[in-house]
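Visitor: Below are the chains, spelled out letter by letter.
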Amino acid sequence: MAQRIVVIGGGAAGIGAAGAAKAEDPSADVRVYTEFEDVGYSPCGIPYVHGKEIPDFERLFLATKEAYAGQGIDIHYETRATGFNTERKTVSVQGEGDVGYDKLIIATGFDYASPGVPGADLDGLYYVKNIRRAMQWDKVLDGVRSAVVVEASPLGLEMVTALCHRGIETHLIDPGAWALSAATDPDIVAPVQDSWREKGAKLHFNTTLNGFVGDNSVRAVATSDGEIPCDLAVVCTKKEANTGVASAAGVRTGSAGGIIVDEWMYTSAPMVWAAGDCIEVPHSVTNIPVQGLSGSHAYAQGKVAGTNAAGGRRRYQPVSVPWGMVAGDWMIGGVSFSETLATALGIPHVVGVAEGISRARYYPGVEKVRVKLLAEPGSLRLIGAQMVGREGIKERADFLAMAVRTGITIGDLATMENVYSPPIGALNEPIALAAQALLAGLGS
Amino acid sequence: MVAAQEKVAAKYRVTPPARPRGREWFWLRVYVPLYRVVPWRARSAIMRRMPGSHRMTWTEAQRPRGPAI
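Chains as they are written, first to last, in the working numbering: chain A, 1 to 444; chain B, 1001 to 1069.
Treat the hints as calculated values from the structure; they're not laboratory data.
All the pointers check out, no bait thrown in.
In the EDC-like style, the derived pairs of lysine to aspartate or glutamate whose C-alpha atoms are separated by at most 20 Å in a straight line are:
(1) Lys1007(B) x Glu376(A)
(2) Lys1007(B) x Asp187(A)
(3) Lys1011(B) x Glu355(A)
(4) Lys239(A) x Glu35(A)
Fair warning: this is a prediction, and the values are worked out from it, not measured in the lab.
Taking the hints into account, I'd like the entire structure generated from these sequences.
Guide: Quick look at the structure:
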């Protein structure tokens, strides 16, 4: 008899898991439960539709509902799984009762941290997550004159940029002293902040949220620096692992707040795997667990969970967390630790910074690229990087993530070979320049 | 984190985090200096003893050495 694999959640991890399970065991009865109307779209693309860089929401979908059905994946839309029992191997499903499973994959994603202030239940507060709601909000944005973005998180940065592109008077409030202050350094985000100001955005750093003001709908955001009138507030608070259903069933969670898994994405419960924003995985530099990574992490983890649940053998590795984004007129990115984060954790480190160029100095469109490298003192193994420029940031972040994972040293990077071709690469690679600056600073 | 931001802000001569108020003062001016005295090895050892995915099985990838061919 075919094994039944039930997946709770239809985001990147859930759909990745379902597809991988079906690929591993085509005879398996793969069933996905999602509380939403759709699965398998890119929520990360939503800010760019709001900003009009992407013309419509339809492009964010990976496949049609018919395509999933054609693959033999049985998706139950707008159907909430409210719990599961690992002894009886059943999932409690609204409208369907108890549904049996042989293998279970939890991919319940994240929730935004509650702002925890008065007025959080008012209309006019936008949490960017669900594509159908985003379609409705996109129409609302046509009539919005002034908006407040709450917190300079990665999504907050994208939404400030999008709203500015949209011609909306945009305020950003954040308790930190600069944007993304928990993850990046001020010299890296300074050009981004300058470009926002040039676009008319009003930045309120060192400013805490006190509440949302209004009768039924928000008309102002109350802050430590006074009220900011607005038609809309975009709440971009921290992503927290959605572990409610799993925890209630007795699945263990860890110190980062996510479901504990091993390299097979196997949880503490028998025949239960988990993947995506609801889990935590170890960081490759510190071996300390981290949670709330990117869609590409969630999808890859889903593939591992799905393959293994279906009977295959696929491992996941500790993460180095490359990241990057367009914010204002700039690209910023990095891998693992910034100076700020390393200092906060008390991780010993040495730093090298250099400014290079993205193309040959004489080639049209050449831009500056600032690279900062962090290394472990003594061994000089790379433990982090931060970058800002206008092109080539993502590729450098990916490369440096592999360098962190494989234990590459600053000495290796200082003598790295690089592509030299006037339209795409300069004589001196900015990464090599930063590594050479670090070595020069050490006097070696 | 705020203490780290103060340090990095001073290095790059940018606006530092807001001055600590109330209970923040204790954490910033008493706890953080004490925390910084503890060596990283000791701190990371404590963090690694906390429950989490890092205490499960994660096999280190075997990397080949020498020329590929």
